[in-house]
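All chains should be built: construct the whole structure from the sequences, respecting the hints.
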Amino acid sequence: MTTEELEQLLAQQPVALLHRLARGRVHRQFRAGKRRLIELLLQHSGHNRAGLESDLQTLIGERHAPSESGSPHIHRPPAIAHKKASPHRAEPESTETAVSLSAWLEGIGVPAPQPFIPDPWQTEALSAVSETDVVISVPTGSGKTYVAVEAARRAMEDNRTVIYTSPLKALSNTKYTEFSKTFGPDKVGILTGDRQENGQAPLLIMTTEILRNLLYDAASGEIDIRLDTLGLVILDESQYIADPERGVVWEETIIFCPSQAKLLLLSASIGNPQDIADWLTSIRSTACRLVRHSKRTVPLRAGYLHPNGKLTPLFRTVGIPYGHPNQLHPEAKRLFLEYEDETLPSGRQRR
Amino acid sequence: MPPSIHPVDLIAALRQRHLTPAIVFLTSRRACDEAMEAFDHADLVLPPVRQEAIGTALERVIAQYPSITEHPLIPIVQRIGVAAHHAGHLPSWKIAIEELMRQGHLDAVFATTTLAAGVDFPARTVVITQSSIRKSRDFTDLTIGEVQQVAGRAGRRGKDHVGFAVITPSPYIDLAVLTKGLTGQPEAIDSQFTISYPMVLNLLKAHPHEQIQGILAKSFAQFQLNQRAELLEHKLDALHVQMEPFGPRVCTDWITQWQTFDHARRHRHTRHQTHRSESPEISARLPFLSPGRVVGLSRGRGIVLRQYRSKGQKTSMLTILRPDGAVTECPVTSVKEVYDRTCDFVETPTYPWCSTDTFDRLSHQLEELPSRLPVLPILTSTSHEPLPDAIVQSMGDFPCPTCPSRPACQKDFITASRLRQEQQRHAKSIQALRASLWHRFQERVNVLQKFGYLTLATQLTIEGEWARLIRIDHSLLITELIRAEAFTGGDLSLLAGILASLAHDDDRPGAFPRISAGLSSLLGQVRKLAESLSPYEDPPLLRADVAALVERWVADPTLTWIGLCRLTTMAEGDIYRLLARTLEFLSQVQALKSMHPSLAESASRAITLIRRGVLEELP
Ligand SMILES: Nc1ncnc2c1ncn2[C@@H]1O[C@H](COP(=O)(O)OP(=O)(O)O)[C@@H](O)[C@H]1O
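From first to last, the protein sequence lines stand for chains A and B.
Counting along the first sequence from 1, when you hit position 83 you're at 82 in numbering that gives the first Met the number 0, and nothing is skipped either side.
Counting along the second sequence from 1, when you hit position 425 you're at 424 in numbering that gives the first Met the number 0, and nothing is skipped either side.
Keep in mind that the hints were calculated from the coordinates and are not lab data.
Wrong hints could be hidden among the right ones.
[To be verified] Taking beta-carbon pairs under 7 Å as the criterion, some of the chain A residues facing chain B (in silico):
{"id": "1", "residue": "Gly108"}
{"id": "2", "residue": "Thr139"}
{"id": "3", "residue": "Asn172"}
{"id": "4", "residue": "Glu196"}
{"id": "5", "residue": "Asn212"}
{"id": "6", "residue": "Ser219"}
{"id": "7", "residue": "Glu250"}
{"id": "8", "residue": "Ile254"}
{"id": "9", "residue": "Ala267"}
{"id": "10", "residue": "Ser268"}
{"id": "11", "residue": "Asn271"}
{"id": "12", "residue": "Thr296"}
{"id": "13", "residue": "Leu304"}
{"id": "14", "residue": "Thr316"}
{"id": "15", "residue": "Pro320"}
{"id": "16", "residue": "Phe335"}
All C-beta atoms in this analysis are idealised placements derived from N, C-alpha and C, irrespective of residue type, glycine included.
Structure, rendered in structure tokens:
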């Protein structure tokens, strides 16, 4: 679409939608009013116009999703502008053909072994973390551990202490075993409330609560956890900051983390990693670097398995149709409706 | 049709399509265990080579963790290549299964969705059977982030070209939640900052009172509150512009002047002022309960359509739109939460008090609201300004009737006063957003002063100095128990038992029939104290059965793990977690060496007694 068309479409959207669109694109977007937001978005779209357009369509789609079933007086933007703006938007139930099961299953298998080459985002994160705090928000299975391990190695080579925290004791134990193999058992220690194993090691693993307590003790001059040599604090699974009971511990830990230690926050994909990075920038001595991407390294496909054992693709497309939840495969749709028909009204359920 | 696919058929189907290894997420531990039982007589046996490989791998793990030597699931794991992995199992068992998965020996693991984060191993395929999970007693839909966290385990880098997320239905599955989750962008996350007593004590230990506000301002909570405040400031700026035509006239504050005049005019005959009998908390809320506001009620949520006060009713009333499109009337007092979310709203003077468009849109928006909404912090001001009676009585003093600006005032009043109300509302919200953390901090300070942990000058007292080291849930109850000398007898098993009942917040039923007289009477005391503290701290569950279980483990060093498990219906994993949590609590008590040396000594001896057998396997 042309810039004018894009601008017009943006202008038709409620400001809340623009704010969502601007997340991660426009710095401090929440300050801007509608006109200004549109200006900024258009400016930004220079880098990645297609990305902006597709995200915009997604958001519009989400906004109107419930109306698709067709209540007559639903508020929607003028139909013409809508159509014109999205000429290639895939219409559900259109003539488009749906993928076959065999095509969907194609390509299963084990890739040939390949030499390890770090991804660009991994290299970027590693070079950034030697200078400043870094927030990483990438899909599960992307390779955050590699960044953690390499960052820890470099800090230790610099004679700095490294602390690695995880939200669960079970995860701490797994990492303890894993890191002991990577770095050698004398380099890695673990701290729990009542126990220390190898507490003098340069790489210490603990839960976030234990680190928070250490930081409080240090603040009141109680103990020395070699804070002056602490060079790096890695907080794994940082999306726990939104945990209703325990999230506060991550905030306390970040607020009281000594300034000479760099923070490395590893997180699964979240909606507002830029907010976390902006927050860190606002309270720490250096500007935080955000490293994010939302593309899965190993592509994902979705399927539907009927209780009678019949397997079909879940969507019309081979891959996941991001932004288009309604593109169900006709076969999956049919089977699921059948399932609902048979299970729901029968009164067979316990609830 | 069966309500869901049979586990044996499921594994057969996955194998046939080469979709193994798979992680199958099921609704409950029970479902996982039943799935395993279903393989008892299944003929899906693995070829001998693979069975042997599993055996060898298991032996290696068992050498490190003897506690799983005789685990009842081992035969099925080895024969069929499937396993269960959930919170009812010992950590060592879960480690073994994870190890087998990492080495690629298993075809499937049945796990519960509750701990998707704890399932730290990938597979080729993830099987999803539900669209909601149980969170604190209620079923809530999976968020987009959660669906992706679960589906994200599919597709191992370096071992798979593609990963598969396979949905297979079970009763009450909502396909839309899952398709939205798979195709959508994860939600933004929000701060869940809370201010606890130990946080206050530790902050005041290290920093003078006047610095605290600055420290709280560094929280992500304040960062997000500021974002919201800035949005409002923006709206406020726009309102200032809209207010320009309504500046000073003959009287500077003509809006108030007209309002009072108009009010007096109407109420000349009914001299009884509607008397605001509401509490300050309720009155403070009123300005926020404007049309379009999203509120939480005791059951579900609603959007305010109008606020009114009908004759003869003491409290203000609301007309509220409920999720199914129903419109209900309820008193303001039945609003449980005021959310920081308003919807665009076109008012109309008659039922349903908004335009049809608005009504339809609101109905949709109500369904679409995210499961967690930020609550609007509302400051309760003690000084509120009712209409002065004096004005009403002195009608004759109003200049309005003869004022040259009267027609203009009359015409503009509605718009101007609405704008001004909005301004005031925003200004108040902004103030509340900026100050809410500090207020919550002050509230905690007041309680700590009342109980003698802080001086009036907010210094730590002798009690505060040690109390700050108890940084766990129910800290106030624990420190008060210590001050009440509840543990002076030096009985290790009693101390451990009581701390266990405080540490264990799981309401999963379990049973342990016998409880000693000493523990029972002490628990009674603890319960009384907890109740008396309930205005300041939520009381714990204080389950007697878990207390008794831990008491036994500490009191009888010859009791074996198997023996302990036989004493209760709790799952092994739950018992392990109970003891691990108790250790955590004990380790905090152990830190009180300088002020309570004998108690700290007891705690450290109790720790040694608990740390035996299975409890010694892991740090
Ligand atoms: N650059 C890379 N090239 C190939 N494989 C990689 C790369 N980075 C990580 N991996 C592999 O990807 C897998 C998943 O990595 P992991 O760190 O566990 O993901 P997560 O981001 O969920 O923590 C691991 O097996 C790891 O060895």
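Here is what the structure says about each hint:
1. Gly108: 5 Å, holds
2. Thr139: 3 Å, holds
3. Asn172: Hint holds; asparagine 172 of chain A Cβ to chain B Cβ min 6 Å, cut 7 Å.
4. Glu196: Nearest chain B Cβ about 5 Å off; hint holds.
5. Asn212: With a closest approach of 6 Å, the asparagine 212 of chain A hint holds.
6. Ser219: 5 Å, holds
7. Glu250: At 5 Å from the nearest chain B Cβ, glutamate 250 of chain A passes the 7 Å test, so the hint holds.
8. Ile254: Hint holds; isoleucine 254 of chain A Cβ to chain B Cβ min 5 Å, cut 7 Å.
9. Ala267: 6 Å, holds
10. Ser268: Holds, because the Cβ-Cβ distance from serine 268 of chain A to chain B comes to roughly 5 Å (cut-off 7 Å).
11. Asn271: 4 Å, holds
12. Thr296: Since the shortest Cβ distance to chain B is 5 Å, the answer is holds.
13. Leu304: 4 Å, holds
14. Thr316: With Cβ-Cβ at 10 Å, over 7 Å, it is violated.
15. Pro320: Cβ of proline 320 of chain A sits 6 Å from chain B, so the hint holds.
16. Phe335: 6 Å, holds
Violated hints amount to a single one, hint 14; each of the other numbered hints is respected by the structure.
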